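Engineer: The lines below spell out each chain.
There are 2 protein chains.
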Amino acid sequence: MTIILDAMGSDDYPIPEIEGSLLASRDLGIKIILVGKKDLLEPILKAKNSNNLPVVIENADDVLEMTDKPVEATKSKPNNSMAVGLRLLKSGQGDALKRMEGVQRPALAAVFPTKNGNCVVIDIGANADCRPDFFVQFGIIGSIFAEKIFKKKSPRVAMLANGEEDMKGNQLIKDSKPIMKSANINFIGNVEPKELFKGEADVIVCDGFTGNILLKTSEAVGRLMTDIIKEDIKSTLFTKIGGLLVKPAFSRIRKMMDPSEVGAARLLGVNGLVFIGHGKSDSKAIYNGIKAANNDVNADLLGAIQSAIENQLKSRQEL
Amino acid sequence: MTIILDAMGSDDYPIPEIEGSLLASRDLGIKIILVGKKDLLEPILKAKNSNNLPVVIENADDVLEMTDKPVEATKSKPNNSMAVGLRLLKSGQGDALKRMEGVQRPALAAVFPTKNGNCVVIDIGANADCRPDFFVQFGIIGSIFAEKIFKKKSPRVAMLANGEEDMKGNQLIKDSKPIMKSANINFIGNVEPKELFKGEADVIVCDGFTGNILLKTSEAVGRLMTDIIKEDIKSTLFTKIGGLLVKPAFSRIRKMMDPSEVGAARLLGVNGLVFIGHGKSDSKAIYNGIKAANNDVNADLLGAIQSAIENQLKSRQEL
Chain F
9 MTIILDAMGS
19 DDYPIPEIEG
29 SLLASRDLGI
39 KIILVGKKDL
49 LEPILKAKNS
59 NNLPVVIENA
69 DDVLEMTDKP
79 VEATKSKPNN
89 SMAVGLRLLK
99 SGQGDALKRM
109 EGVQRPALAA
119 VFPTKNGNCV
129 VIDIGANADC
139 RPDFFVQFGI
149 IGSIFAEKIF
159 KKKSPRVAML
169 ANGEEDMKGN
179 QLIKDSKPIM
189 KSANINFIGN
199 VEPKELFKGE
209 ADVIVCDGFT
219 GNILLKTSEA
229 VGRLMTDIIK
239 EDIKSTLFTK
249 IGGLLVKPAF
259 SRIRKMMDPS
269 EVGAARLLGV
279 NGLVFIGHGK
289 SDSKAIYNGI
299 KAANNDVNAD
309 LLGAIQSAIE
319 NQLKSRQEL
Chain X
9 MTIILDAMGS
19 DDYPIPEIEG
29 SLLASRDLGI
39 KIILVGKKDL
49 LEPILKAKNS
59 NNLPVVIENA
69 DDVLEMTDKP
79 VEATKSKPNN
89 SMAVGLRLLK
99 SGQGDALKRM
109 EGVQRPALAA
119 VFPTKNGNCV
129 VIDIGANADC
139 RPDFFVQFGI
149 IGSIFAEKIF
159 KKKSPRVAML
169 ANGEEDMKGN
179 QLIKDSKPIM
189 KSANINFIGN
199 VEPKELFKGE
209 ADVIVCDGFT
219 GNILLKTSEA
229 VGRLMTDIIK
239 EDIKSTLFTK
249 IGGLLVKPAF
259 SRIRKMMDPS
269 EVGAARLLGV
279 NGLVFIGHGK
289 SDSKAIYNGI
299 KAANNDVNAD
309 LLGAIQSAIE
319 NQLKSRQEL
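Going down the list, the protein sequences come from chains F and X. For the first sequence, this note's numbering assigns the number 9 to the initial residue and increments by one for each residue that follows. For the second sequence, this note's numbering assigns the number 9 to the initial residue and increments by one for each residue that follows.
By construction, these hints were calculated from the structure, which means they are not laboratory data. Worth double-checking, as some hints may not be accurate.
Any copy will do: because identical chains look the same in the list, a pair fits if it lies in one copy or spans two.
What the hints assert, rightly or not - The list that follows gives simulated cross-link-like pairs (lysine-lysine, DSS-like), each with its CA atoms no further than 25 angstroms apart: (1) 206 x 56; (2) 263 x 182; (3) 206 x 242; (4) 185 x 202; (5) 255 x 238; (6) 176 x 85; (7) 77 x 182; (8) 202 x 242; (9) 288 x 176; (10) 106 x 123; (11) 202 x 123; (12) 242 x 123.
In this text, all values refer to a predicted model and were calculated from it rather than measured experimentally.
Produce the complete structure using the sequences and hints provided.
Structural biologist: Right, dumping it as structure tokens:
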């Protein structure tokens, strides 16, 4: 298996990318192509790759910066590492990395930790405005994801809303409900954020705007709370000592909030596996992202999504 | 000043309502009308009101339950405590408790704690689907609220979005931006949830669906984190001892997350002050809600909102 990795993507590039790749290559026995400035990457890789693992470099002259505007940057920096990486993925698969046949809109899926497991939320940002027919496909794709990756039979699919009752929701939720009910998924209705975190659904469907607010609110509240607790623990000698003793009790929360544990978001509904990491990714995050990609390939996630979408189209024609 | 309080509204009614009212009446010197089942309320009030404070009862035969559907319940239970309370408010003010003249849609406003103060978010649930002209008025009303209640000069008004850049947002955000910019408010653009919690805006405008997800996600993440920390602190003797020592360091977080501190949400844009409390409200929450209502009256919040809306309408006619 070969993984193509944008080596200039994290805030601290390229060290996390190089270290994470070497770890993953050694552990999982896979080849990794690092895409980025050869002059920068080569000496670091040489110094660190003492075992001559199959981690190689593909040169990309340009680097995308946070201040770059996406549309302009694709013109002014045609050889940015992300674009070169995506072209590489495309060329390796013929004319792939298009939308999968029959898919209305590719969507970003992210795994949220819950009180007793995981929940995949789709869409967390690819489509700010959605239609009911997108929602049905998000439900189907999310359902396959939960089956293949969480190993969950008949995953519970819900729509994120401002109340569980049938009359709750905005117009999009109300319009989507009838076709969600008739789709070939285990649709359980609306859930609120608290049900998400209690683990009462395996798949949560929402528009990319709402999903993005959900994701970013979770991160922001988590950060605010830990910042304040950390600050206040330092305030007296007693609380400092208490803080040391109590430290092991925070490991589960730390793990839950750690972006390197949660892993990267997946763009689903395209003919290829594309992972989008957090800017704050460290080498562990890169390693976990590569591991997840490896797992997705072994589980044939793409093939399973493609079949499910084909079945949806077939059953529609039969109606 | 007289406050009308639904005595059957909290999960544990009517004890929190009676105790909170007595506290508020004693501290603030105001009269409170408790609306609810006289048979139930009278003996409790008599037993607790040892100082003969001006807390009186208005009978309402029916009680709304969580399982009641709002529309059906207004018919099957016409004399529920909330309806009787609202009629009482209406009769006291002539034909008031209608929409304020010129207001497109009344909205629910809630105060969020931030790293360095407070931020009012409007709308958190009254209007699941919004239009740009609603957004402008939410901005104006929120701005007056921040001026009057937070005592903030020229409050910073932002729209909640999935990114700060101008091209981010769903269609509603994009459509609203030009008129938000030209409105008579200190509009600072889009903010993400993390800017909210950092305290980088005083007023955040959003549709009621998104605002409700924001509110409920904040509560759910806060609860999940404290539940897990509490559980894990109990896991070993060392962490238990540490937990006791560290306890004072959690007081700020506890206060932040305490619904009885945050207070009730306000329905703004109607001719009257209507507070909607959390189901989990205890007597402190009721007390704080009454105190906030008292404060809003003293600050002439309603009058200020009415003038601001009148000015908006005038400046529109002048264009």
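Engineer: Now look at each hint and say whether the structure bears it out.
Structural biologist: Hints and how they fare:
1. 206 x 56: For residue 206 and residue 56, the Cα distance exceeds 25 angstroms both inside one copy (43 angstroms) and across copies (39 angstroms).
2. 263 x 182: Answer is neither; intra-copy 36 angstroms and inter-copy 36 angstroms both fail.
3. 206 x 242: Result: close only across copies, 20 angstroms inter versus 31 angstroms intra.
4. 185 x 202: Within one copy only: 20 angstroms inside a chain, 31 angstroms across chains, cut-off 25 angstroms.
5. 255 x 238: both (11 angstroms within a copy, 12 angstroms between copies)
6. 176 x 85: For residue 176 and residue 85, the Cα distance is within 25 angstroms only across copies (21 angstroms; inside one copy 46 angstroms).
7. 77 x 182: between (35 angstroms within a copy, 17 angstroms between copies)
8. 202 x 242: between (31 angstroms within a copy, 23 angstroms between copies)
9. 288 x 176: So residue 288 and residue 176 pass the 25 angstroms test across copies only (21 angstroms; inside, 36 angstroms).
10. 106 x 123: neither (36 angstroms within a copy, 44 angstroms between copies)
11. 202 x 123: Answer is both: 10 angstroms inside a copy and 23 angstroms across each meet the 25 angstroms cutoff.
12. 242 x 123: So residue 242 and residue 123 pass the 25 angstroms test across copies only (17 angstroms; inside, 29 angstroms).
Violation of the numbered hints given earlier is confined to hints 1, 2 and 10; the remaining hints are satisfied by the structure.
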